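Taken in sequence, the protein lines are chains A and B. Just so we're aligned, residue 1 is where the first sequence starts under my numbering, counting upward by one. Just so we're aligned, residue 1 is where the second sequence starts under my numbering, counting upward by one.
By construction, these hints were calculated from the structure, which means they are not laboratory data. One or more hints might be untrue.
[What the hints assert, rightly or not] Incomplete in silico selection of chain A near chain B, CB under 10 Å:
1) Phe14
2) Trp17
3) Ser328
4) Thr332
5) Pro420
These numbers were taken from a predicted model, which means no experiment stands behind them. We treat Cβ as the ideally placed atom computed from N, Cα and C, and that holds for glycine.
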Amino acid sequence: MLSLDRLLSWRYLFQRWDRSLLIIASIALGVATLVATRILNQFIETSATQTATPLAGGDILVTNGEFGVPRSIADEIIAAQIPGIVRVLPLAVDRVYLPELQGKAAVLIGVELSRQLLEAENPWQVQFTRTLELTLANAIRAANRRLIVVSKPIYDAWVAQRPSDTAGLLIRYGSQTLDCLPIGYMEYPESSPVALLGRNVIGMELSQAARTTRPGPPAAAAAVVGGSVAESAWDLVFPIRVSRIDVRIDPSANRAAIQAALQQQLGDRAQVRTPEEYRQTSQEIIGGLQIGFALCSAGAMVVGLFLVYNALSVTVAERRHDIGILRSIGATRLQIVRVFTTAAVLLGGVGAASGIPLGIVLGRGVLHKYGQDLGSMFVNPEVDPGWPTVSTVVLAGLAGILTAVAAAFIPAVQAACEDPATAVRRIPGTVGGAWHRAHQATCFLLIAAGITLIVVRNELFPALGMHPRNGSFGGLLTALVGLLLAAPIVVGIMVRMVHPVLRRILPIEARIAADNLIRSPGRTGVVIGALGAGVAVMIQTAGVGRSNQEPVEQWLNRVIHADRFVFAGNITEANSSQTPLAPEILRELRALPEVAAVVGFRYARPEYNSTRIMMVALDAATYAELSNQRIPGQIAQLELLPRLGGGRVLISDNFALKHGVRPGESLVIAGTEGPVQLQVIGTVNDYTWARGTIFIDRSDYARLFRDELVDIAHVFLRGAGSAEESEGLASFAADRGLTIQGKEAMRRLLADLIDQFYTVAFLQQIVVGIVASLGVVTALLISVLQRKRELGLLLAVGATPGQILRTVLSEALLMGLFGTLLGILIGIPLEWYVLRVVLVEESGFVFDLLIPWKQAAIIGAGSMMIAMLAGLLPAWHAVRTRIPDAIAYE
Amino acid sequence: MIELVDVRKIYDHARKPVEAVRGVSLTVTGGEFVTIMGPSGSGKSTLMHLMGALDTPTSGQAIFQGHDLHDLSDTERSLLRRNRIGFVFQAFNLLPTLTAAENVALPLLLGGHSRREAMARATACLERVGLVHRADHFPEEMSGGEMQRTAVARALVAGPDAVLCDEPTGNLDTATSREVLKLLASLPEPGRRVVVMVTHDPAAARYGTRLIRIRDGRIESDEPISASQQGVYPASY
Numbered sequence: 001m002l003s004l005d006r007l008l009s010w011r012y013l014f015q016r017w018d019r020s021l022l023i024i025a026s027i028a029l030g031v032a033t034l035v036a037t038r039i040l041n042q043f044i045e046t047s048a049t050q051t052a053t054p055l056a057g058g059d060i061l062v063t064n065g066e067f068g069v070p071r072s073i074a075d076e077i078i079a080a081q082i083p084g085i086v087r088v089l090p091l092a093v094d095r096v097y098l099p100e101l102q103g104k105a106a107v108l109i110g111v112e113l114s115r116q117l118l119e120a121e122n123p124w125q126v127q128f129t130r131t132l133e134l135t136l137a138n139a140i141r142a143a144n145r146r147l148i149v150v151s152k153p154i155y156d157a158w159v160a161q162r163p164s165d166t167a168g169l170l171i172r173y174g175s176q177t178l179d180c181l182p183i184g185y186m187e188y189p190e191s192s193p194v195a196l197l198g199r200n201v202i203g204m205e206l207s208q209a210a211r212t213t214r215p216g217p218p219a220a221a222a223a224v225v226g227g228s229v230a231e232s233a234w235d236l237v238f239p240i241r242v243s244r245i246d247v248r249i250d251p252s253a254n255r256a257a258i259q260a261a262l263q264q265q266l267g268d269r270a271q272v273r274t275p276e277e278y279r280q281t282s283q284e285i286i287g288g289l290q291i292g293f294a295l296c297s298a299g300a301m302v303v304g305l306f307l308v309y310n311a312l313s314v315t316v317a318e319r320r321h322d323i324g325i326l327r328s329i330g331a332t333r334l335q336i337v338r339v340f341t342t343a344a345v346l347l348g349g350v351g352a353a354s355g356i357p358l359g360i361v362l363g364r365g366v367l368h369k370y371g372q373d374l375g376s377m378f379v380n381p382e383v384d385p386g387w388p389t390v391s392t393v394v395l396a397g398l399a400g401i402l403t404a405v406a407a408a409f410i411p412a413v414q415a416a417c418e419d420p421a422t423a424v425r426r427i428p429g430t431v432g433g434a435w436h437r438a439h440q441a442t443c444f445l446l447i448a449a450g451i452t453l454i455v456v457r458n459e460l461f462p463a464l465g466m467h468p469r470n471g472s473f474g475g476l477l478t479a480l481v482g483l484l485l486a487a488p489i490v491v492g493i494m495v496r497m498v499h500p501v502l503r504r505i506l507p508i509e510a511r512i513a514a515d516n517l518i519r520s521p522g523r524t525g526v527v528i529g530a531l532g533a534g535v536a537v538m539i540q541t542a543g544v545g546r547s548n549q550e551p552v553e554q555w556l557n558r559v560i561h562a563d564r565f566v567f568a569g570n571i572t573e574a575n576s577s578q579t580p581l582a583p584e585i586l587r588e589l590r591a592l593p594e595v596a597a598v599v600g601f602r603y604a605r606p607e608y609n610s611t612r613i614m615m616v617a618l619d620a621a622t623y624a625e626l627s628n629q630r631i632p633g634q635i636a637q638l639e640l641l642p643r644l645g646g647g648r649v650l651i652s653d654n655f656a657l658k659h660g661v662r663p664g665e666s667l668v669i670a671g672t673e674g675p676v677q678l679q680v681i682g683t684v685n686d687y688t689w690a691r692g693t694i695f696i697d698r699s700d701y702a703r704l705f706r707d708e709l710v711d712i713a714h715v716f717l718r719g720a721g722s723a724e725e726s727e728g729l730a731s732f733a734a735d736r737g738l739t740i741q742g743k744e745a746m747r748r749l750l751a752d753l754i755d756q757f758y759t760v761a762f763l764q765q766i767v768v769g770i771v772a773s774l775g776v777v778t779a780l781l782i783s784v785l786q787r788k789r790e791l792g793l794l795l796a797v798g799a800t801p802g803q804i805l806r807t808v809l810s811e812a813l814l815m816g817l818f819g820t821l822l823g824i825l826i827g828i829p830l831e832w833y834v835l836r837v838v839l840v841e842e843s844g845f846v847f848d849l850l851i852p853w854k855q856a857a858i859i860g861a862g863s864m865m866i867a868m869l870a871g872l873l874p875a876w877h878a879v880r881t882r883i884p885d886a887i888a889y890e
Numbered sequence: 001m002i003e004l005v006d007v008r009k010i011y012d013h014a015r016k017p018v019e020a021v022r023g024v025s026l027t028v029t030g031g032e033f034v035t036i037m038g039p040s041g042s043g044k045s046t047l048m049h050l051m052g053a054l055d056t057p058t059s060g061q062a063i064f065q066g067h068d069l070h071d072l073s074d075t076e077r078s079l080l081r082r083n084r085i086g087f088v089f090q091a092f093n094l095l096p097t098l099t100a101a102e103n104v105a106l107p108l109l110l111g112g113h114s115r116r117e118a119m120a121r122a123t124a125c126l127e128r129v130g131l132v133h134r135a136d137h138f139p140e141e142m143s144g145g146e147m148q149r150t151a152v153a154r155a156l157v158a159g160p161d162a163v164l165c166d167e168p169t170g171n172l173d174t175a176t177s178r179e180v181l182k183l184l185a186s187l188p189e190p191g192r193r194v195v196v197m198v199t200h201d202p203a204a205a206r207y208g209t210r211l212i213r214i215r216d217g218r219i220e221s222d223e224p225i226s227a228s229q230q231g232v233y234p235a236s237y
């Protein structure tokens with residue numbers, strides 16, 4: 001049968017290579033978007049999982065989220081001797097920097113070295129090589145240094161650059177620098193959980209690591225009473241906290257029972273979770289973004305599907321006579337279906353094969369461009385865009401082939417239903433009423449199903465164990481597919497409405513083009529629908545961006561009004577609490593002569609209501625006073641800030657909406673040693689975090705959550721804040737390796753971060769636009785083919801090639817015009833839906849709908865321009881028509 | 001071989017239903033070369049489609065080798081056309097993307113024969129119609145007569161019991177028409193193969209052994225053609 005396929009399908013595809021190429025390109029772009037978004041999602045998921053549960057090797061995790069758990073709980077668990085528990089592993093993990101190695105970032109792992117890394121049972125498959133002998137000289141070298149084990153790349157770099165054999169290795173965590181001494185290096189295979197943290201890993205004794213990331217006594221206290229005494233006293237007040245305690249159990253033991261016993265043992269001092277339960281909170285945060293990405297790629301595939309359907313439908317129409325011949329010499333209906341399905345499989349396969357590498361380039365390109373900012377948000381700083389997994393490649397291949405096959409299905413069945421007697425005699429075929437009714441019913445059902453999914457999302461999806469956002473996004477996609485399918489009907493109505501006017505005002509070439517649109521809404525409608533879909537999603541994104549931009553910019557201007565901002569690392573790292581400052585930095589800053597006041601900000605992301613919320617700790621009274629002086633009357637509810645303290649907090653409007661908490665009510669957050677009850681005294685307008693923000697006074701936060709660190713210092717200068725006036729501040733920051741930014745630069749940095757998100761979204765939509773443009777080329781090529789006789793006749797009766805060219809280009813322009821109109825008609829309601837339903841559901845942020853007229857005009861002009869350009873190739877084909885051939889053509 | 005019993009065919013695609021065949025009954029037996037004549041729109045092509053299982057009657061019976069076409073499934077009718085019936089059309093109806101040999105081999109390839117066997121039999125058929133030298137040529141590289149002879153070869157390749165021709169000389173000049181008609185006249189095999197040819201050309205009709213005249217969907221006359229008249233072209237033709 002292969003030879004038959006080769007004869008009937010493949011050869012035809014080669015002969016119509018231009019159309020085949022367009023179909024392949026449509027599929028390839030759809031597949032490329034799919035692969036690129038899978039790579040993005042894969043990266044985000046892996047990074048978020050590593051950040052939430054780095055080195056997750058335990059069967060049960062004991063945590064208090066970001067605040068950590070007292071190390072003593074590990075000993076308590078061991079002492080409780082709960083049957084089934086075989087190992088208890090406390091762990092501290094955080095990001096540090098290596099100033100001597102070009103400021104390279106590394107992951108610091110605090111472990112009980114004897115238990116975890118050096119024992120025979122080595123859970124992380126780490127191979128340790130000692131390089132420091134136990135000699136007196138080395139003992140002297142180790143004095144006042146922290147002993148560490150480093151990964152081989154760090155070890156090699158350290159050995160290569162150290163000034164002398166006695167030199168140590170400096171580690172920087174936020175604003176503090178530690179002198180450490182590597183005693184050896186570790187190597188680990190790709191399969192090791194450590195490998196997921198990247199190539200730069202440092203192992204340190206647990207207590208020392210915990211004290212590095214959750215610092216000991218203030219430097220001043222240490223200087224007065226001596227380091228070790230201060231540390232011992234500090235330990236009594238603030239016990240050592242670790243990031244997490246992993247509990248390993250016997251494989252035959254009942255995990256749920258042990259989990260319950262552990263929770264009972266620990267009460268509310270820590271949360272006992274399975275790794276899967278723990279990851280759900282990070283998954284909740286990235287889920288919306290991932291679904292958004294996935295839907296965008298699905299959108300590209302759906303647009304591609306309709307265009308392939310369109311091209312194959314016309315192929316069937318064009319080959320109708322061939323089908324008649326085949327049927328008359330004995331081809332069965334199944335064989336006819338096979339002819340078209342085989343062609344679709346071939347085109348889909350080639351499209352997928354081309355789309356996969358393109359998707360890899362796109363995905364990795366985006367990650368390389370935004371890698372630094374993305375990497376700053378996660379514990380593993382090494383942005384490894386990775387390669388698509390086998391499942392992604394298989395999925396992409398199947399998606400390409402199945403899209404083509406799905407697109408070919410209806411045309412193939414229509415071909416098989418051809419009556420051989422009429423087809424072979426070239427009697428015009430008629431699309432049966434049954435097809436029309438099925439088409440209308442399918443459109444209606446899809447749109448109705450989409451709306452139903454949206455309406456019942458809050459009841460249906462939780463009952464199925466899924467997040468309601470699956471309903472919002474899935475329903476939207478289903479309704480859009482229905483609308484796209486209904487495009488020929490909608491376009492038919494639109495064109496008929498304006499046709500009488502067009503006939504009156506347009507020149508003959510454009511009138512012929514308009515007539516042609518009316519004559520074949522099935523062919524042009526799908527393409528206009530695809531163009532409309534591209535325009536609609538772009539207008540929606542532009543509209544959502546515009547609706548956000550103004551209020552977010554106003555908010556940024558309100559909250560960023562200090563003269564200088566001091567932090568370690570970059571702004572993303574500071575906002576992600578990856579590079580905290582020691583509290584004494586604030587005191588030193590305040591002591592500078594040009595500084596009038598300093599407000600410290602600390603960010604934490606504790607769990608609340610099965611997600612991670614933001615907690616912003618600030619020097620509330622000082623901030624309120626300074627805001628009153630600098631921007632009087634601009635920050636609402638400012639009078640509430642001085643009342644913070646004593647467990648009283650403010651919440652953001654979106655927190656109140658998302659979690660249903662009102663002023664006067666209280667909420668409970670897991671603290672380092674148990675639940676912390678907070679009293680809500682008011683709400684404020686804030687866009688810091690999509691899951692809601694709690695504002696707490698910093699001293700209250702330090703007391704309740706045992707955390708004195710600061711992520712960013714807002715510095716208010718005495719004078720006007722010119723560069724000359726803040727020279728002392730600049731040299732202070734430079735001495736300590738800190739970053740200093742002015743007000744405008746800071747606002748710009750944050751605005752750029754927001755813009756980056758929209759850039760990625762626009763990139764995906766541009767791909768959808770390109771796929772739609774390819775559809776215009778296909779549709780017009782087909783139009784030229786179908787109208788060959790008519791165009792030949794026009795030439796025969798004296799039409800000039802220029803007139804023929806204008807006719808085809810007019811059709812392209814009209815398709816672009818109707819596509820744009822359709823896109824605006826769908827795009828604005830879509831913007832409303834995303835803004836007032838999806839965004840509110842995801843983040844609780846409520847924005848007013850602003851229609852992006854300016855962007856819509858640009859997008860519309862772009863769409864028509866693309867349609868015109870797409871019309872050039874078919875127009876050229878039309879001009880080259882040989883009159884005798886065209887007139888003889890049936 | 002072929003039997004039509006009170007066959008009617010009504011087309012209802014148009015606004016007003018058209019009755020193309022109105023109660024036709026006839027029998028064609030092995031070895032006959034039946035020509036069907038009639039003016040345009042008389043229903044002759046429809047009649048041939050009914051005989052060749054390309055279409056089914058609205059009422060009445062169309063029987064091929066004892067099988068009522070109404071009782072056969074679409075697939076069974078396809079198999080019948082593939083293995084027992086060969087068609088020759090006025091417009092040749094060759095697939096433009098296939099060579100002459102591939103066009104001829106097509107019914108066999110559709111039937112699952114190996115390419116080698118199909119091409120060997122196709123070449124033999126092309127030899128029979130005198131076109132083996134054109135085996136690798138595409139339809140656009142051949143003359144009208146060559147294309148029609150290729151179509152005849154395709155009709156013969158499966159060894160059919162009936163060869164049905166719809167205006168096979170309609171697109172050909174006189175000399176080429178003669179060649180094709182002679183070829184068709186050589187095809188009937190007594191007791192086995194029949195040839196049915198629809199034509200509006202009286203000269204072409206004389207190549208048959210029996211002439212059926214049809215008008216307005218009804219048989220006007222059905223008479224044998226005497227041996228003396230067979231294949232005699234008027235001088236003016």
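Here is how each hint holds up against the structure:
1. Phe14: Constraint on Phe14 of chain A satisfied, holds at 9 Å.
2. Trp17: Since the shortest Cβ distance to chain B is 12 Å, the answer is violated.
3. Ser328: holds (5 Å)
4. Thr332: Where the cut-off is 10 Å and the nearest Cβ of chain B is about 4 Å from Thr332 of chain A, the hint holds.
5. Pro420: With a closest approach of 5 Å, the Pro420 of chain A hint holds.
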